[in-house]
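Residues in the sequence shown are numbered consecutively from 822, following our numbering.
What the hints contain is simulated information worked out from the structure, not anything from laboratory work.
Be aware that a few hints might be false.
Unchecked claim - Calculated pairs, DSS-like style, for lysine-lysine (alpha carbon to alpha carbon, straight line, at most 27 Å):
#: 1; residue 1: Lys893; residue 2: Lys1040
#: 2; residue 1: Lys938; residue 2: Lys893
#: 3; residue 1: Lys1001; residue 2: Lys938
#: 4; residue 1: Lys885; residue 2: Lys924
#: 5; residue 1: Lys924; residue 2: Lys841
#: 6; residue 1: Lys878; residue 2: Lys893
#: 7; residue 1: Lys979; residue 2: Lys841
#: 8; residue 1: Lys966; residue 2: Lys920
#: 9; residue 1: Lys924; residue 2: Lys893
#: 10; residue 1: Lys885; residue 2: Lys872
#: 11; residue 1: Lys920; residue 2: Lys1001
#: 12; residue 1: Lys966; residue 2: Lys1001
#: 13; residue 1: Lys924; residue 2: Lys938
#: 14; residue 1: Lys953; residue 2: Lys938
#: 15; residue 1: Lys953; residue 2: Lys920
#: 16; residue 1: Lys1040; residue 2: Lys885
#: 17; residue 1: Lys920; residue 2: Lys893
#: 18; residue 1: Lys878; residue 2: Lys953
#: 19; residue 1: Lys953; residue 2: Lys924
#: 20; residue 1: Lys924; residue 2: Lys979
#: 21; residue 1: Lys979; residue 2: Lys878
#: 22; residue 1: Lys893; residue 2: Lys966
#: 23; residue 1: Lys841; residue 2: Lys920
#: 24; residue 1: Lys1040; residue 2: Lys1001
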Amino acid sequence: MLPTYNERENIEQLVHAILKIPAFHGFPLEVIIVDDNSPDGTGEIADRLAKEVSCVKVVHRPAKMGLGSAIKAGSNFASYDRLVVMDADFSHPPSEIPKLVSKLDQADIVVASRYVKYGRMNAPYHRVLASKFINYFIRWLAGLKVRDCTGGFHAIRKSVLDELDVQGRGGEYDIELLTKAQRRGYSIVEVPFNYEYRTHGVSKTKARYGITYLLTALKLRFTS
């Protein structure tokens, strides 16, 4: 599942990279693009891809409505129980998808993690430092056992996602998802991956979002 907003420079290349993964050849696969009315034409490119490739589905939304509702919208269109949610800017390598999906045999949620052994975050040093700092305090505030709470790259069973009422609009979505899943007793595992800092397009992550993440974790600390 690919939530998109202004990803014209990445979306076509990413979809083709997913379709070329050898592990998926001969197996049922869907690529669901959920576009929030991107002004750069991402939605139009997605429509063309859907016409060219039968397994590509596109969900158009009227405005920038947030990550949480985008994932819900995509889930409603999904035909299979195993879902992978990832960014559309190549920061999440498509080659890691089969590993995440296969681990769903052992867990309800599989988190691609930058902060377990063999995981890496290939980004400017100040971003790496800020991310580690924020994740440390999120874990402490929310009581999370997961080391990477904000990576945005995970596999989850549709049946589990549908049971969790997650409202987060941005990167805080992951914090809320993982906290609620852990509290309800769902199994969560982490697997290492190498995060790649985007090379095309404009990053959606701003410094102020770190405050939002911490406030989300603080709120979750005092709610059931």
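Verification of the hints:
1. The suggested pairing of Lys893 with Lys1040 holds, with an alpha-carbon distance near 22 Å, which does not exceed 27 Å.
2. For the given pair, Lys938 sits about 31 Å from Lys893 by alpha-carbon distance, which is inconsistent with the 27 Å threshold.
3. Our distance criterion of 27 Å between C-alpha atoms is met by Lys1001 and Lys938, whose separation comes to about 25 Å.
4. Distance check on the hinted pair: Lys885 and Lys924 sit about 32 Å apart at the alpha-carbon level, beyond 27 Å; violated.
5. A C-alpha spacing of about 20 Å is found between Lys924 and Lys841, which places the hinted pair at or below 27 Å, so the restraint holds.
6. A threshold of 27 Å between alpha carbons decides the hint, and for Lys878 with Lys893 the separation of about 14 Å falls inside it, so the pair holds.
7. Proposed proximity of Lys979 and Lys841 is supported: the alpha carbons are some 24 Å apart, at most 27 Å.
8. A C-alpha spacing of about 21 Å is found between Lys966 and Lys920, which places the hinted pair at or below 27 Å, so the restraint holds.
9. Distance check on the hinted pair: Lys924 and Lys893 sit about 22 Å apart at the alpha-carbon level, within 27 Å; holds.
10. For a cut-off of 27 Å, the pair hint linking Lys885 to Lys872 stands: about 24 Å separates their Cα positions.
11. A hinted pair counts as satisfied when its Cα atoms are at most 27 Å apart, and Lys920 with Lys1001 qualifies at roughly 24 Å.
12. For the hint linking Lys966 to Lys1001, the alpha-carbon distance of about 12 Å falls within 27 Å, and the restraint holds.
13. A threshold of 27 Å between alpha carbons decides the hint, and for Lys924 with Lys938 the separation of about 17 Å falls inside it, so the pair holds.
14. Distance restraint check for Lys953 and Lys938: the Cα-Cα separation of roughly 14 Å lies within the 27 Å cut-off, and the hinted pair is therefore satisfied.
15. With a C-alpha separation of about 24 Å, the suggested pairing of Lys953 with Lys920 holds against the 27 Å cut-off.
16. Proposed proximity of Lys1040 and Lys885 is supported: the alpha carbons are some 24 Å apart, at most 27 Å.
17. Between Lys920 and Lys893, the direct Cα distance comes to roughly 23 Å. Compliance with the 27 Å bound is thereby established for this hinted pair.
18. Annotation: proposed proximity of Lys878 to Lys953 is violated, straight-line Cα distance about 35 Å (limit 27 Å).
19. A hinted pair counts as satisfied when its Cα atoms are at most 27 Å apart, and Lys953 with Lys924 qualifies at roughly 25 Å.
20. This hinted pair checks out: Lys924 and Lys979 have alpha carbons roughly 15 Å apart, not beyond 27 Å.
21. Restraint check for Lys979 and Lys878: satisfied, since their Cα atoms lie roughly 17 Å apart, inside the 27 Å limit.
22. Between Lys893 and Lys966 the alpha-carbon distance is near 25 Å, which keeps this suggested pair within the 27 Å criterion.
23. Distance restraint check for Lys841 and Lys920: the Cα-Cα separation of roughly 15 Å lies within the 27 Å cut-off, and the hinted pair is therefore satisfied.
24. Among the hinted pairs, Lys1040 with Lys1001 is consistent with the structure: their alpha-carbon atoms are about 12 Å apart, no more than 27 Å.
Comparing the model with each numbered hint stated earlier shows that hints 2, 4, 18 do not hold.
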